[in-house]
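Construct the complete structure from the given sequences, taking the supplied hints into account.
Number of protein chains: 2
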Amino acid sequence: MKRVFFFGNGEAEGAELGKVTLGGKGAGLAEMTALGIPVPPGFTIEAGVCVDFLHGASLDGIRAEVESALARIERATGKRLGDSEDPLLVSVRSGARSSMPGMMDTILNLGLTSHALRGLARASGERFALDCRRRFLEMYGDVVLRVPRHQFDRILAEKKQQRGFNSDVELLATDLADVVRQHEQLVRQKTGKNFPDNTREQLWGAIAAVFRSWDNERAKTYRKLHHIPDDWGTAVNVQAMVFGNRGETSATGVAFTRDPSTGERKFYGEFLPNAQGEDVVAGIRTPRPLSKDGSGLSLEETMPEAHAELLRIRDILERRYRDMQDLEFTIEDRKLYILQTRSAKRTGFAAVRIATDMVDEGLISEDEAIARVEPEQLIQLLAPVFPEKEKEAAIKDGRFLGKGLPAGPGAACGCIAFTAEHAVAMAEEGEPIILVREETSPEDIAGMQTAAGILTTRGGTTSHAAVVARGMGKTCIVGAGEIVVDAVHGQVRARGLTACEGEWMSIDGSTGEVLVGQIPTHPSEVLRVVLEGAMPIQESPVAMAFTRLLLWADARRRLGVRANADTPQDARVARLFGAEGIGLCRTEHMFFEEQRIPAVREMILADNPEGRREALAKILPMQREDFLGIFREMKGRPVTIRLLDPPLHEFLPREDEAVRKTAKELGVAPDVVRERVRALAEVNPMLGHRGCRLGITHPEIYEMQVCAIFEAAVLALREGVRPKPEIMIPLVGAKGEFDRLKKLIDREAKRIADDRVNYKVGTMIEVPRAALRANRIALNCDFFSFGTNDLTQLTYGYSRDDAVSFLPIYIAEGVLPEDPFASLDQYGVGELISLATRRGREAKPGLKIGVCGEHGGDPRSIEFFHSVGLDYVSCSPFRVAVARLAAARAALAGGMQASATA
Amino acid sequence: MKRVFFFGNGEAEGAELGKVTLGGKGAGLAEMTALGIPVPPGFTIEAGVCVDFLHGASLDGIRAEVESALARIERATGKRLGDSEDPLLVSVRSGARSSMPGMMDTILNLGLTSHALRGLARASGERFALDCRRRFLEMYGDVVLRVPRHQFDRILAEKKQQRGFNSDVELLATDLADVVRQHEQLVRQKTGKNFPDNTREQLWGAIAAVFRSWDNERAKTYRKLHHIPDDWGTAVNVQAMVFGNRGETSATGVAFTRDPSTGERKFYGEFLPNAQGEDVVAGIRTPRPLSKDGSGLSLEETMPEAHAELLRIRDILERRYRDMQDLEFTIEDRKLYILQTRSAKRTGFAAVRIATDMVDEGLISEDEAIARVEPEQLIQLLAPVFPEKEKEAAIKDGRFLGKGLPAGPGAACGCIAFTAEHAVAMAEEGEPIILVREETSPEDIAGMQTAAGILTTRGGTTSHAAVVARGMGKTCIVGAGEIVVDAVHGQVRARGLTACEGEWMSIDGSTGEVLVGQIPTHPSEVLRVVLEGAMPIQESPVAMAFTRLLLWADARRRLGVRANADTPQDARVARLFGAEGIGLCRTEHMFFEEQRIPAVREMILADNPEGRREALAKILPMQREDFLGIFREMKGRPVTIRLLDPPLHEFLPREDEAVRKTAKELGVAPDVVRERVRALAEVNPMLGHRGCRLGITHPEIYEMQVCAIFEAAVLALREGVRPKPEIMIPLVGAKGEFDRLKKLIDREAKRIADDRVNYKVGTMIEVPRAALRANRIALNCDFFSFGTNDLTQLTYGYSRDDAVSFLPIYIAEGVLPEDPFASLDQYGVGELISLATRRGREAKPGLKIGVCGEHGGDPRSIEFFHSVGLDYVSCSPFRVAVARLAAARAALAGGMQASATA
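Chains as they are written, first to last, in the working numbering: chain A, 1 to 902; chain B, 903 to 1804.
Hint data in this document are derived by calculation from the structure and do not stem from the laboratory.
Computed cross-link-like contacts, DSS-like style, restricted to lysine-lysine with a CA-CA straight-line distance of at most 25 Å:
no.: 1; chain 1: B; residue 1: K1061; chain 2: B; residue 2: K1092
no.: 2; chain 1: B; residue 1: K1652; chain 2: B; residue 2: K1520
no.: 3; chain 1: A; residue 1: K724; chain 2: A; residue 2: K848
no.: 4; chain 1: B; residue 1: K1168; chain 2: B; residue 2: K1237
no.: 5; chain 1: A; residue 1: K743; chain 2: B; residue 2: K1126
no.: 6; chain 1: B; residue 1: K1750; chain 2: B; residue 2: K1644
no.: 7; chain 1: A; residue 1: K618; chain 2: A; residue 2: K750
no.: 8; chain 1: A; residue 1: K224; chain 2: B; residue 2: K1645
no.: 9; chain 1: B; residue 1: K1305; chain 2: B; residue 2: K1168
no.: 10; chain 1: A; residue 1: K848; chain 2: A; residue 2: K750
no.: 11; chain 1: A; residue 1: K220; chain 2: B; residue 2: K1645
no.: 12; chain 1: A; residue 1: K743; chain 2: B; residue 2: K1122
From the derived model, a few chain A residues whose C-beta atoms are all more than 12 Å from chain B:
no.: 13; residue: E374
no.: 14; residue: R493
no.: 15; residue: I537
no.: 16; residue: L551
no.: 17; residue: E594
no.: 18; residue: R612
no.: 19; residue: L620
no.: 20; residue: R674
no.: 21; residue: K724
Ideal Cβ positions, reconstructed from N, Cα and C, are used throughout, including at glycine.
Shown next as structure tokens:
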């Protein structure tokens, strides 16, 4: 079986095999070669070899194939590896099925033995050859020989210091010869051996190291974050080197076929003359634009032929891939080579815009547009911005610190942290964080994840910081070169301003502006259009794209989408975001309000039903008003109202002062309150006297709530609204509980509304027993709604409040693959859900079933809910758009799966 | 379809239908009639009619059958209902499939219209007729017309007072005529109508009332207590009256074919001359013995023919029923009639003794003997007794209050309560209770249930108190006539002694002795034989019977029986009771000991693994010693050791003084301890950082425990014991948790014992997810043990600590049929158990599976565990005998049931 695939000279083996076998980079190189695009020749070792290798298999099985492919590179380039006359050098790069930018290792200039060094010097000059050798020693020394990179860096830095130079390019050949000698000595000293001087030893060492880099910590973290399976492995690409650093007629750069920030249809990118690719990605020098921008430094102006060629290739690739591409290119002596093409990472704004634009351009279908936008990306479009006025005032006020490249849109305001560790620690204290670094590296991922915004002073929009921030949907500014980060003193400085670690900073990821101090953030354009009607939607391309995409989604999804909303305000937002009803209205939130809590406490302190009824009578009109407001806002859409759920002690004061205040308000002795607090205290409140248990032992509470619901419904009817209350009994675990309370509700409905109100009575399925006994409970029931938060707590036996002491460790150490509160555990909790759905519908065909836990807004969980055949999900109003899109994607991805048997 | 069955004159319809159709009483009457035993003629209306009637059906469908059966009674007796010449009177009695003594209603003397009254007076004298009429008015008035009984009682009491009489028998005909008139007036006044004077109206009113009494509160409580289904219904028996109160040649009585207290093979019973049956059962007059006892009052002496006839009937019935019978008889004018026969209630002592005796007598097989003893009854044989010396000292000390009839063996010591309500309230405060009443009635059941012992001053060994106490296995003394209960002053008095409510009393239910003050209780004879070897077993008939029965059980059961034991002492008791291993050794109990807790606290206060290891090193030798002791006691039987389960904060002090003491002991500031207490506090400790979660975050704790286990095992090996440790990881919910800790255990085993110890590693299945994922978890696992306590808590979402605020209400009001912590919920929790068993064994055929929750000692739960195919149950050492017997009964009752689909 063939495992090594050659590409070059317009011929590409296995181009049809695609990413799964060749990895993303390998597939792109093969495809481009086949399309006639100039690509340096090379070969790809398929990802399966990596998997076998990491399981302990030897690489011997591919030696012959590699040798033969190498020979073809040599034939294609007319150069030989290790030759003393103009030798062939190769790069050895990773390339997984899914892009994992910067997470795995790369080695350039391989083949540069001492013998070949002389050949390269002869062909391209001594300084160039020594610089290549230096870079090769550094990369190979670090990646393969495990000599820490910074020890090489120190040698180079000392040389520059000694010579009084600021940049590498100032170093002379003699300086570099000295650096190379010292590098070689360092390797000898650290490894006890000479640097390998045999091209084959170098090659196999590099291939093995790149395979191994699939399992380094950074890569594992990245995969966990992006849900990439650990068993995919990476392909390895060995390719003839071309040099962007062969003088001023050479260059290297990166291009996007559209703007990855906004999605606008314009060619976008940057390059560095006389540089190798790693210089651009690392963001060490500030790159130049591709297109004319008035600076006179653009590629369009300095190398017009190469620029024209790039434009031509851009069109070929967009037509071929029907998606925005991210290209790496190198110009060697004015000749353009494309080294990589891949689907470009993009912001949520860009994703939505490009998807709808491409439909209009006839490139993709509406179904494909839906598949192109990750539901989570929509959240970016709703992310806050700074109001222009406030920002201008701050600038006038002298708080403008500087400007960088906008790399992750949105406005963020937080406390400055200079290291990832500090960011994590400060975030744990509850502070929003702006992570400020000269540049970021994969070690910073945890800190970036935790930050509200990221600012770097070096690197471009394709630097590590920019790429990762875009992937995470973080507000980000990169390359703010005028700002000095003085991590030693814990300060940033620019324009005479200073800000210390822990002080406030505001960054605008859409414009690149950095300000000191706090600027209040405001709703985004999409929010202003959708919620406030601030402008006609036609005038906002982004709101238009957002809305069109969601309408396409609605036409395709089977799952209904509702929102969790406790107030008329929430209900309005939910409706404007397209919620088809309220899936969870938590009535206890109404109990906690300042005006009401005294009556609630009076009720709790009463030690008989009559006393409780008297106090509840005071709450009744307020609850009625709440429900009426919600019915009005929902304009006839269903409203699922959950009866009181928390235990009574949650409403009582705890601190002694509050106890005294309450006692005074209620006109009782403090000891009376204290005694009640003591009597109601619970060892495990989560498993205590709450939900329907309270409804059964204190029926007067539910009576009042049900009365308020039906009185409000009758009032709404009079106003011409046709309310659809769906009354939900929480925490049911046995049919007896449900039936008893259903009777109470039906009785009150009859008494108050006399059959005029169209209502339903259902239950939450949130204790495991309810799921198991769903066939019994369903008999008398109109609907189920899974409370996946509690169901997850009880199925695992985890208290969310307490799990923080072990759950993060579980996830970090791989005991659990992920946090079951973030994304539904499809195997344990999921089985209970599919089982309850099946049993509930067996007992009562057509039983309506939804979800109202937080998982209702998580795209992967939504896919599961779709697959088990639920009727709707309910999530927070701000996630309704995410849920609509996720539901459509689930419907497009496939029908019902037998997930329960997984 | 025939629904009414006649019996009489040696002819019995439907005798072959048995209890299910005819009820226990009806089946007995039919059977006895067929056997030629003298039974007054009558007919039985089958229980199905009751079920239909209670669901709203009319009784019209059986009218013709009843009339025809009634006509047959009239033909058989030669009397006519309502006749003015020696009229036929009938009794109307309940009779369910399972005996429910005194719970439902009975009406005697029915048919005694004003017309018939004259006929009866003519035939049997005016006084007798009026007394019958009085009784009929009272019973019918109470049961059918709902005039409270005590209002009739008051009329009678006032008449006696007015005439200066102490007993009913002193009343003259004129007095009774007056009482009858007043009774009739009371009925008119309360119901607005005359007392029904039509025999058919009386009859149908009585039949309907008896059917309805199936659903009175007392009956429902009794059924719940005895797990009798609510949908059985009761049959009704209508039978010609015979009169034990027709003068001194008449009598009524109760007989047992063996001694219901000890099981000895002697005829046993009591009677009252010139009385109706209710007088005996109610215990209003102190009855006389059947057999000669020196008093000259026995039936044997006063009516020798009737006594001889009874002895003959006794033999017929024991041969026929092959079980101890409880007979009701009436002698009317020297002619003996048997009114009822049924299997007699008996103490645990009697049950075991009779079962083994009957095997020896060739009456029953060993299988039947096993079926005859309720496992729970064995607990009585282990119940405490008073040591003779202590009791003698108390008597010498003048604390002897009096003597009654021993009615429920065992010694009990507790605080006096004079009402059932007080008993319940005082028991809630944690006091042991002796319920002291003149006599008990069905209203007292809750109080009797809660009491440690029951004392009545009236009634015999067949009185309500005696029968119910025997059923409950309670220590009980009845008819202690010399003791005066002064409930008004809250005192008991006798022999110059006084004891107030709340003061201590000691009662010996095996001898009938009542003493004031506390006497320490000591182990029973069975315990002394089995655990202490206090005498050769041949010398103790009860220990012999106990042991034989259990050996028969062992030969039949498939389930293994282990014990939960945490110390060498417990392990010894477990082994002597026949435990085949230890199913749960809780290692945390070893952490709580006074000598160890300082080191445990030092470990918790250390904030790094090294500090913890140092403290743990101090605990290691103690844990090792514990395990060695247990291995020695168990002599090579398996010992399942659960690694540390509770959260760390359980080991820290709470009260401020204890905090300061701990701080001082550990040489740290009190704030250090306080801070640690605060940091470890949990909102829901049951769902918190404990079990394997602790083992994973603090591996050094489990390392120490595993090290102690293997070091102890190696030491045991050296002593020639072959220890079988089975290490159990608690609270596993995901395979990752188990695998990680299994690795740790295997590593330590290798390190310390180097493969010399035969050990297993398994897990508790106690979180619902573990049950659902059993197929995954099993892969790497040697055994499962269900922790049914936690599994029940999580499946229902009930905290045992907190459920007391609602669970009793749930059970009282029928929201749940019973307490799922007392007997396993076979539908919800049970489904998880059967599912986990199936999945575990699918993944790993032959996986060993047991139970170590408290349900492991509950007979009905054991039947379930047998049916789903578990390998063993584990329970407290004192319940091992119960479990052995229950397991045998389960095996005899049937094979594997598909309970999970129920």
